[in-house]
Amino acid sequence: QVQLVESGGGLVQAGESLRLSCAPSGTIASIESMGWYRQAPGKQRELVARIFSGGGTNYADSVKGRFTISRDNTKNTVYLQMNSLTPEDTAVYYCNAHRPFRIPRDFWGQGTQVTVSS
Numbered sequence: 075q076v077q078l079v080e081s082g083g084g085l086v087q088a089g090e091s092l093r094l095s096c097a098p099s100g101t102i103a104s105i106e107s108m109g110w111y112r113q114a115p116g117k118q119r120e121l122v123a124r125i126f127s128g129g130g131t132n133y134a135d136s137v138k139g140r141f142t143i144s145r146d147n148t149k150n151t152v153y154l155q156m157n158s159l160t161p162e163d164t165a166v167y168y169c170n171a172h173r174p175f176r177i178p179r180d181f182w183g184q185g186t187q188v189t190v191s192s
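Numbering (the numbering used here), first residue to last: 75 to 192.
By construction, these hints were calculated from the structure, which means they are not laboratory data. Note that this is a predicted model, so its numbers are computed, not measured. Cβ atoms here follow ideal geometry from the backbone N, Cα and C, with glycine treated the same way. Possibly wrong hints are sitting among the right ones.
Said to hold, decoys possible - Now the in silico label distances, taken between C-beta atoms and shown as ranges:
#, residue 1, residue 2, range
1, Gln184, Gln155, 18 to 26 Å
2, Phe175, Pro115, 32 to 40 Å
3, Ala103, Pro161, 17 to 25 Å
4, Ser158, Gln75, 20 to 28 Å
5, Gly82, Ser136, 16 to 24 Å
6, Ile177, Leu85, 32 to 40 Å
7, Asp146, Leu121, 18 to 26 Å
8, Arg176, Ser136, 25 to 33 Å
9, Ser191, Ser136, 15 to 23 Å
10, Asp146, Pro115, 14 to 22 Å
11, Asn147, Ser81, 18 to 26 Å
12, Gln77, Gly130, 30 to 38 Å
13, Gln87, Phe175, 41 to 49 Å
Claimed, not checked - In the EDC-like style, the derived pairs of lysine to aspartate or glutamate whose C-alpha atoms are separated by at most 20 Å in a straight line are:
#, residue 1, residue 2
14, Lys117, Asp135
15, Lys149, Glu106
16, Lys149, Asp180
17, Lys138, Glu162
18, Lys138, Asp180
19, Lys138, Glu120
20, Lys117, Glu162
I would like the entire structure built from these sequences, with the hints used as guidance.
Below you can see the structure in the form of structure tokens.
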């Protein structure tokens, strides 16, 4: 089965930046949107940012103005530029591809750790 492959996580200090990338290991047809979620220890997974095939985006309030999601439609690759990172951004970040009219509807990456030290 096709998987999403993430890269770019790591350990940074507060105020620094990271860029996450995500690409499928094969072809996924009919993707409507791709996005990034994160899960911190003891917390539920939450949406960070999502970008639709038409270019529309939405962001969690906590990352607006700091994170930017972008997408290369020709490669179904999605990026998350994270600036001004804070320790509250520490989490495992997961890539998602969503297609509401096909089965399976969702594809997930294995997760990449982002740790921000104060």
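Violated constraints from the hint list, given by number and in increasing order: Hints 3, 4, 10, 12 and 18 contradicted; others consistent.
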